[in-house]
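*Asks:* Spelled out, the chains give:
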Amino acid sequence: MNVRIWTGCLFAAVLAAGCKPAGPTAPLPTGPMRVVSLAPSITEIVCAVGAADQLVGRTTACDVPADVVAGIPVIGAFGVPSIEKILTVKPGMVLYADMADDSMARKLERAGLPQTRIKCTRLEDIPPAIRTVGRLVQHGKQAEELATELSRQIQAARAQAAAIEHRPGVLVLIWNDPLTAAGRNGFLSDLVELAGGYNIGDTVNRDYFQVSGEWVLAQNPDVILCFFMAGNKAVRQTILNQSGWGRVKAVQTGRVYDGFDNNLVLRPGPRVMEGVAAIRRCLAGESPEGGSSP
Amino acid sequence: MTHRRAFWLVMILAPVLLALCVLMGPSGIGFPDWTTQREILILRITRVLAGLIIGAALSCSGVVLQAILRNPLAEPYVLGVSSGAGLGATLAILTGLGAASAFALPLCAFVMAVLTLFLVYALANQGSTPSLYSLILSGVIVSSVCSSLIMFMVSVAPVEGMHSILWWMLGNLEVTSDALLATTGVLALLGILGMWLLAPELNALTLGQDMAHHLGIRVKAAMGSGLLLATLVTAASVGVGGLIGFVGLIVPHSLRSLVGPDHRRLIPAAALGGGAFLAVCDAIARTVLSVEIPVGVVTALIGGPFFLVLLRRRRRHGWTE
Amino acid sequence: MTAPAIQIEKVSAGYRETRVLKDLSLTVAEGEMVGILGPNGAGKSTLFKVLSGLLPPRSGTVRLFGQDVRRLPPAERARTVAVVPQDLDIPVPYTVEEVVMMGRTVSIGRLSRPTAHDHQVVERALVYTDVADIRHRPLNELSGGERQRAIVAMALAQEPRIVLMDEATSHLDINHRLEIMQLVERLNAEGGMTVLMISHDLQLAAEFSRRLILLDHGSLVADGKPAEVLTEEGVRRVYHCDVRVHQDSETGGLSILAPPRLPAVCAGKGIRIHVVAGGGCGEEVMRRLALCGYSLSSGVLNRGDLDTTVAEALGADTSLEQPFSPVSREALGSARELALKADAVVLAPVPFGTGNLVNLDLLEAARATGRPVFIAGGIEDRDFTPARDAVRRVRALIAGGATPWNDVAELLTLLPKGVKSA
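Residue numbers (my numbering), protein chains in the order written: chain A, 1 to 294; chain B, 295 to 615; chain C, 616 to 1037.
Calculated from the structure, these hints are not laboratory results. The model shown is predicted, which means the values in this text are computed figures rather than measured ones. For each residue, glycine too, the CB sits at the ideal point set by N, CA and C. Mixed in with the good hints there might be a few duds.
[Stated by the list, open to error] EDC-like cross-link-like pairs, simulated, lysine to aspartate or glutamate; straight-line CA separation at most 20 Å:
1. A:249 <-> A:202
2. A:107 <-> B:333
3. B:514 <-> C:691
[Unchecked claim] To be clear about the criterion: a stretch of chain B counts as covered by chain A if any three or more of its residues have a C-beta under 8 Å from a C-beta of chain A, and this derived list gives those stretches:
4. 315-329
5. 332-344
6. 470-484
7. 583-590
So here's chain A without its partners, still in its complex pose:
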């Protein structure tokens, strides 16, 4: 039997060698900077500064703006891109926010790919991030306008929030099992502050942390925001029925909100102020989309 297997294998090898991998084979294109985005927030920024046509690669998580990203090749999952796929789109620059793996930056470097980290961990990071992206894709003017406008909105919201005397305590849950809340070091804390509340997780010096029922009872939040499993109508009910939470103020008054567009509130991109608006509506007793409370 071996002889046949041998010939089969060799034949397959020769056949396979005959075809070429997909992707452009032309030399490195000149002209506008070709960029690959490795994060949904960066994809949004690139499109917002008007450089959608320069975007040659995205992750599976990049879904906005939907009509634009549909035509852009996927080069891997958020945080774990395929370097080989990035190479095939011949980018002039790889933009990334966070990697699942520290060593990814080193792997990009080894493959000879120019890269820039766009840091977006706090709200204040977003306008500078827009300017940086704009400069890289030679759309500086549009970026400057966008960044200035965003900064102005942030300032305005902050001033408005500062005027509020009694800020409600807000518990921001980003996952239910295990119950995980936003801490002081993330930009969710900034969002809550701008919307006129205060994040009760600010006592914890982490971006995210696991919470216990006892801790929630002790902190006794006025409002609970659920930023997970969007589209699942039962989320609010599960939190209301959470055993032992009956005495929590937010549960007693029914001020537990779900149904957010999580891409707005969890993604540090140009639409972040829409997220702030949604939270503000909740704190005012309306549903995230507007209208009366559920």
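Please arrange chains B and C on chain A, whose structure you already have, making use of the hints.
*Replies:* For chains B and C alone, kept in the frame of chain A given last:
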């Protein structure tokens, strides 16, 4: 098929498979053009090389540990090498050392893995030659302690670092530095050569420590060097590729049933066969879906059923009667 | 000058706290075929471990052909002494030929292939042990006899000058047992190979060995020709059981008959024995008596004493006293009742102090009523009373008709038997 013919089949088929792996990649199947797609070709070749080196190291360690511990469940991670290495990697990531140089994390993992082996050996060794059971038992215990330490550090660590640790533990064959791959390759080659030189001792040790002694083997020295070599090459490969499961367990068993239990044939066959197996699994992991699958998932999904078929077909030639 | 094949001088050896071999000295000349006998735990296997260099002796020296076995280089040692274990558990499917070739491990270099000579030696071993036709079969598929022959072949492939067989045939049926023994005998006779074999089969050992060594509790008990070692008396002392040894007047061969009797289970039926014991010395007596069907009583015993536990477990009537207390009048009274209810009274090898000396009253009372009394020998070593009262009173008892006994097998022959006539 006799063991001898199976051996030569493995030795010839493995390089062919390795060559075929170069043809596979997420950008398409085929041989990348040298002038326009040189980077892709280099990327694939280094990745296949990483698969060969890591697969060979894990398989040969598995062979050696199964022989010395006389336990069919022994695998490269049995003496706590994995969690020791994991602890080292965690320390490197959390202290920021890992970001300093491409060598820092693998080196930390390597050093901690070797330290773990010495700790396990010291715990098991009371007086003369350590008993196999106390070796395995202290391996398991030290392993759980290390895992708990990792979980402790992960739970107090900033979230960003935690992701890195979890991804590192899943294992990945994308190389961060050529120099690191070369160093690991040389280390693995030397280690496997050493194991091959130990083949007569390993053969005799399979009959038990007493019988090996009667046959004229220096039992303590042979066991010590076997364990050390297995740990060294495992630790080196873990430093580069993270924790890749299943290879070190099923490749030795499968190849033993194909080429026979004589270690003079088994070790070279495990080196090439295991290397080719991991490279093929990795080629599949990066090719079949638009998103890369962790290679450990593929090794288990492909290796598991293959192993079970072998076990059924050659039950009487396998480990057990 | 030729050094003896094996020379052991004042060797003590053991594991952790227990000392198994005690000051053992032994010499075996080249070409001898020696059987090593002894009950379980006598130190036979430990002796082999010391001989093969597996276990370093705590004191004393072990020399093989004049060289200290611990100083022999491993390769040299493997060419000198081979061991055939009782069984070999091989977890991977080595073929017979591969295993036999492992006997050549130290002769084949690390990097070289087996030479023509290696193949020749292996071939001879395969043929000698009659496993040549199954050479390609995995060892763990073979029957016990085939596997054992292959292991003997591996030992032969070492071309050793000494072969140690550790109960090498005990798993085999009678046919294969004889076959292997004949093989070993031939190697011994033709090749001058020195053979030591541990066996529990006295008959087989007597038949194939020209010299027997009897070990007990780590010491040499007897050493000599089979007829000198395997006496009924000697076997009884070491194995605690009776055998009939019959020497054929023509061939001189020994036949050892299984004990014609451990007295049958019902031998003691209906007979009641009172045992005076304490401190664990009565355990064996009571167990064996109960096995033979005797009804038992015992006392005076202290609560919590090992013998108390044994007596109660065996369903004996007991008269008990508080732990660590001298025997009280009440306890002695009830013990006297038990003793006078019994058909005979046995004194176990119990040490006497002032606290339990009164137990001798029971024996004297039984003797006074004409009941048979049996007294364990060696009272001189067990009397811890200040005035040596126990010795004096025991001697008086024996003078008055009490029977002394030395081991349980003997005691069983002395005790009254059969269903008591009304």
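*Asks:* All hints are to be evaluated individually against the structure, with a verdict given for each.
*Replies:* Here is how each hint holds up against the structure:
1. Using a Cα cut-off of 20 Å, the hinted pair residue 249 of chain A and residue 202 of chain A holds, with the two alpha carbons roughly 18 Å apart.
2. The straight-line distance between the Cα atoms of residue 107 of chain A and residue 333 of chain B is roughly 13 Å, inside the 20 Å bound, and the hint therefore holds.
3. In summary, the hint linking residue 514 of chain B to residue 691 of chain C is supported, as the alpha carbons are separated by about 17 Å, within the 20 Å threshold.
4. Counting residues of the stretch 315-329 of chain B whose C-beta lies closer than 8 Å to any C-beta of chain A gives 10; at least three are required, and the coverage claim holds.
5. Given as covered by chain A, the stretch 332-344 of chain B passes the check, having 4 residues with a CB less than 8 Å from a CB of that chain where 3 are the minimum.
6. Taking a C-beta to C-beta cut-off of 8 Å, the stretch 470-484 of chain B contributes 3 residues in contact with chain A, enough for the three needed, and the coverage statement holds.
7. Note: the stretch 583-590 of chain B has 3 residues with beta-carbon separation from chain A under 8 Å; the three-residue rule is met and the coverage holds.
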